[in-house]
Amino acid sequence: MARIHVTTTINGEPMEFLCEPQQSLLDALRNNLGLTGTKEGCGTGDCGACSITFDGRLTCSCLVLAVEAEGHEIGTIEGMAQGETLHPLQRKFLEMAALQCGICTPGVLIAARALLEKNPDPTETEVRFGLAGNLCRCTGYDKIVRAVMETAAEMRETAS
Amino acid sequence: MAETASATHVRHGSSIGQPLTRRDGVLKVTGQARYAADNHPPGMLHAALAVSSIARGRVAALDVAAARAHPGVVEVMTPANRPPLAQDPDDKNGPFVFRMEALQDDRVRYAGQPIAVVIAETLEAATEGAALLAPRYEAEAVETGLDASDVFIPQMVGPGAPAEARHGDVEAGLAAAERRVEATYETPAQYHNAMEPHAIVAAWEGDRLTVDTPSQGLAWAQERIAGLLGLPPENIHIRSPFLGGGFGSKGVISGPQVLGILAARLVGRPVKLVLRREQMYGPVGHRGPTRQTLRLGAGEDGGLTALHHHVRTATSRFDDFLEPAASVSHTLYAAPAIATTYDAVRLDTGTPLFMRAPGEASGSIALESAIDEMALECGMDPLEFRLRNYAEVEPMSGKPFSSKALRECYAQGVARFGWAGRPLQPRQMRDENGLLVGWGLGTATFPALMFQGQARAVIRRDGTALAETGAHDMGQGAWTALAQLAADSLGLEIDQVEFRSGDSRLPDAGIAGGSSHTATAGIALHHAGADAIAKLTELAMADQRSPLFGAGNMGVVARNGRLLRRDDESRGESYADILTRAGLAEIEGRGTGAMDPAVPEHYATHSHGAVFAEVKIDPELGQIRATRLVGAFAAGRIVNPRLVRSQYYGGMIWGVSFALHEQAVMDKCSGRVMNANLGEYHVPVNADVPSLEAILVEEHDPHVNPLGIKGVGEIGITGTAGAVANAVWHATGVRVRRFPIAIEKLLV
Amino acid sequence: MSGDRKPASLAEALSLLAGAPEAPLLLAGGTDVYPARAVAEAWGRYAPRPVLDLSGLGLAGIEDRGDHHRIGAGVTWAALRDAPLPPWFDGLRQAARQVGGVQVQARGTVLGNLCNASPAADGVPPLLTLEAEVELASRRGTRRLPLGAFILGNRRTALAPDEIATAILVPKPAGETRSAFLKLGARSYLVISIAMVAGLLEIDSGRIAAARLAIGACSPVAQRLPELEAALIGARPEEAAALAAPEHLAPLSPIDDVRATAEYRRHAALVLLRRLLAGLAAPQAQGGSQAA
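Protein sequences, first through last, are from chains A, B and C. When we follow this note's numbering, the leftmost residue of the first sequence carries the number 40, and every step to the right adds one. When we follow this note's numbering, the leftmost residue of the second sequence carries the number 89, and every step to the right adds one. When we follow this note's numbering, the leftmost residue of the third sequence carries the number 767, and every step to the right adds one.
Only chain A is shown next, with the shape it has when bound in the complex:
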């Protein structure tokens, strides 16, 4: 099978990999690159578990072909903490127990980061709708929303 060579940037690092023509970016991240923090929940863009950023925009990696990553910047959960230092969202999720089984958590965190980058001072409704593309079957929504709101407040304080 002809494999395709892809040059891309993942979490700020230049990266090259070989993939199948029809392979999803999700599958390439997980199986070719060992970045298994991005999870598969549905494969149809309905659950958000595989959320990544693609040139900074929140996207389901199951809805992107691996070859489309050529020349683009991908952000995954593995790049969210800086070394040992957790991102404020990660810290707040831990502190407020805004996670249970954890499968939706990487996608929720990536989505929440994208939301706060665009809107550092969201209303609760904006958070609820902004994260509506991320399903949580443990249904920890309430704690997730509160953790995102509190992180946003904290980050605004730090920034000012």
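Derived by calculation from the structure, the hints in this document are not laboratory data. Every residue, glycine too, gets a C-beta built ideally from N, C-alpha and C. Any given hint could be a false lead.
To be verified - Within a straight-line C-alpha distance of at most 20 Å, the following computed DMTMM-like cross-link-like pairs (lysine to aspartate or glutamate) qualify:
#: 1; chain 1: B; residue 1: K833; chain 2: C; residue 2: D1023
#: 2; chain 1: A; residue 1: K157; chain 2: C; residue 2: D848
#: 3; chain 1: B; residue 1: K487; chain 2: B; residue 2: D257
Unchecked claim - DEER-style ranges, computed between Cβ atoms:
#: 4; chain 1: C; residue 1: P853; chain 2: A; residue 2: D94; range: 26 to 32 Å
#: 5; chain 1: A; residue 1: T197; chain 2: C; residue 2: A996; range: 54 to 60 Å
#: 6; chain 1: B; residue 1: R495; chain 2: A; residue 2: R185; range: 27 to 33 Å
#: 7; chain 1: C; residue 1: R831; chain 2: A; residue 2: T197; range: 43 to 49 Å
#: 8; chain 1: C; residue 1: P850; chain 2: A; residue 2: R185; range: 32 to 38 Å
#: 9; chain 1: B; residue 1: Q516; chain 2: C; residue 2: D1022; range: 50 to 56 Å
#: 10; chain 1: C; residue 1: N920; chain 2: B; residue 2: G821; range: 36 to 42 Å
#: 11; chain 1: C; residue 1: A924; chain 2: A; residue 2: E123; range: 55 to 61 Å
#: 12; chain 1: C; residue 1: R831; chain 2: A; residue 2: A198; range: 55 to 61 Å
#: 13; chain 1: C; residue 1: A1011; chain 2: A; residue 2: G51; range: 38 to 44 Å
#: 14; chain 1: C; residue 1: A996; chain 2: A; residue 2: G110; range: 39 to 45 Å
We have chain A already, so just place chains B and C on it with the hints.
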């Protein structure tokens, strides 16, 4: 031994009761927690399942040659070449053993049943290969729905409860009643839809097998796999450190998981098989549909005279699991006459299975609706009616409750929600936008069960300890809560205890089901720690050099890594000193967690709660929003309030989902689930979720088990589903008896 | 598949298309293509087709062309949602905010939504009220079709095998315009519509000079409501809601399905229509993208 354990026993509350955050949290927020599908052993191949698109008949032909010829495909497994099993997968050789489809023949018994497995170098090649199989079928007519032919009366329901139960004379009670309500409610088939699809990575080494797969019951799974393969259980090593949700669907090993193992055997290389979301609507269980008829009688004073709860449910054509929806009527309300009865039909679906609050969830929404209907009939406030019929003892059995703080739950919930002043009649309240507002109440209940579990605790010479049990963390927080229990049992801070779990090589922790896991595994750990402490105490007391010498069994207490004389806590010594002087590297304790058989003989053991719901309804469109939920729950000792609150919240939202969102829709002709994906099988999204509050009502249960722990994982659904349904009625005056409530039914 | 291509120009894409032995799947955002494939794969129905990836054609711009706006084939819902556009696009942008989750909006394209031609396509009603045209290119040349002529039925369009849909062309309405969109689903979000309504009013001297209304998910293809549109001309905007009557919904042919009955759809469409018109009469109030 028992006296020694209690004698040296340890204070509680150093770890237990603390709202510790999750110990697995860092791994989970950084993406490093390794779930089954994240494993990738060297040389691993990918398997894709081919599933049947008909619901009944046989597979007449598969183009195996085309699939095999596809580039990258290594092998195609069909009934013709599937490695042999030592047991027929259709043999029922024990309790909780379900028939499964493991390519034993060409029969198709439901849509989505595995009919072949394609194994390839890449997932893409396996998937493409599977599509090339182009199956031809001989299809037979299917039966769907609760009106199917061949109604039968089951002997048992749920995991083994008698299908018929009677207390008192229901017909006489109904005849004597001044008020009567008879109503029929329907609940649909629901699918667990854990966010993590069932996955397995299987690797063989000779006749030893290593399996990464999510499991709510490691020992059951090990036993089942060993039995099917004809190998000793110790040859099967299952790792399941994290489950991406289970809700019952990972309680028993399913056909696809066995096929992953057989695929690895066939090709002689490790194989990964992950179900696609669409493939989770067949072979991994579901909540069976029900049609429940409630007949209630009451006197002029609002006292129930009789309660008959009849359930029609459905199972598969080839195996039995019958949703025990009437069991909730055994417990909740003090009717002098109660009868629960069942009948059932057989459908061309996968076999139903336990799904979060099996029986109680479906039964509760019907019973709580009917109770409200009767309260209205009696002209009473729903809460007043429930208090009038408060069960001081379990009505069906006459046994006292081991503990029951339900009155307190009602009281705290009422206060917090602001129930007072609720108009009795419906359609009386509107908000500032003209939306109809309704308030509803539901009583929550779930039995406090225990399975049997084992644990091991080791105190080491450096003063630290190891505690281990093969427990299961589906998200509920076993890694944290059980470590807290272990630390207390050992008289140590939690950071001094290494806690191991989630592996079949560890002591059997029982099943993570029935909201029993913290009690079962926790009490096993409790006893294991106590056993280790007792041995350490004996060591010290027998040694003249020890300040504890001669203290007597009752005279020693363990705390902060030291044994102390109870009568003079200034006299004591550290675990490390005791072991060092004795020349021992470590000392080991073992413990079992199980319900004392005397407990269920004398007591009814249940958690309880009261849930209050507010909904707002668009009067012109019927669109429903749950806007406020307050649940007050009493479930004995709370090990970790932070995690418990998450469990209650989760359960409550499942309750909202039960009332308003979830259902599998069957195509009557094809027998397929028409909405077998997360786009169309609606579970609540962030934006659907109301403001939530869960009140942890204090309750001490001196009987249920030595720590007074009851369950919290399932009770949140019960009560909530009925509360939402009752709130919808209160907002609109329309009583919808089929769930989820269709918004168009609310237009008047 | 070895037949997959990602051309760098429209000319190359059209010549690849003209010479293709097997009709390739035209790929833009992929948010319909990949899920459809995933479902087909799960049921073993997947017949791989070569893909012609249009993302390299540089068609991702929204341009003001004087008398019309041109929305290129690569424009995503997110780009449209976030673009500074005149008020007649308000309805379309409200639809953009409700197409799937944020993740899907980031990839899915507006024109792809039209090409997919689902009866519940969120983009169709607002673009019908904008009297949008679809631009189709082939080696034979370029043609334009009104949206109503482009979508032929449930998942059927007028796109010829050698054609690529390259842009949506939106003419500029005259005078003061107001537009809005309402969608009703069973869940708060991430829903397939039970019914949706789009409307655009041109206001002149406090009276409705032109009205365009369309309803989706209540017929195989979203429908305009010409009789009501005619009846509204000359009315004051605040009178509009009361003028909408059941008989104006004659163009609809709703069905019973999992999501709702036909009767309910018809009822809901009228309620939504009246609310939309009431909202357009009071544009200072939030146009409101939620039905309730």
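Comparing the hints with the structure gives:
Distance hint between K833(B) and D1023(C) is fulfilled; the C-alpha atoms sit about 15 Å from each other, no more than 20 Å. A threshold of 20 Å between alpha carbons decides the hint, and for K157(A) with D848(C) the separation of about 11 Å falls inside it, so the pair holds. The straight-line distance between the Cα atoms of K487(B) and D257(B) is roughly 19 Å, inside the 20 Å bound, and the hint therefore holds. The hint said 26 to 32 Å for the Cβ distance between P853(C) and D94(A), and at roughly 30 Å that hint holds.
Roughly 59 Å separates the CB atoms of T197(A) and A996(C), a value that falls within the hinted 54 to 60 Å. Checked against the hint of 27 to 33 Å, the pair R495(B) and R185(A) passes, with Cβ atoms roughly 31 Å apart. Taken as a hint, the range 43 to 49 Å holds for the pair R831(C) and T197(A), whose Cβ atoms sit roughly 45 Å apart. Taking 32 to 38 Å as the suggested C-beta distance range, the pair P850(C) and R185(A) conforms, at roughly 33 Å.
In this structure, Q516(B) and D1022(C) break the distance hint of 50 to 56 Å, their C-beta atoms being roughly 33 Å apart. Taking 36 to 42 Å as the suggested C-beta distance range, the pair N920(C) and G821(B) conforms, at roughly 38 Å. Range check, A924(C) to E123(A): about 58 Å between beta-carbon atoms, so the 55 to 61 Å window is met. In this structure the supplied range 55 to 61 Å is violated for R831(C) paired with A198(A), their Cβ-Cβ distance being about 41 Å.
The hint said 38 to 44 Å for the Cβ distance between A1011(C) and G51(A), and at roughly 60 Å that hint is violated. Distance hint check for A996(C) and G110(A): the Cβ-Cβ separation is about 52 Å, which falls outside the suggested range of 39 to 45 Å.
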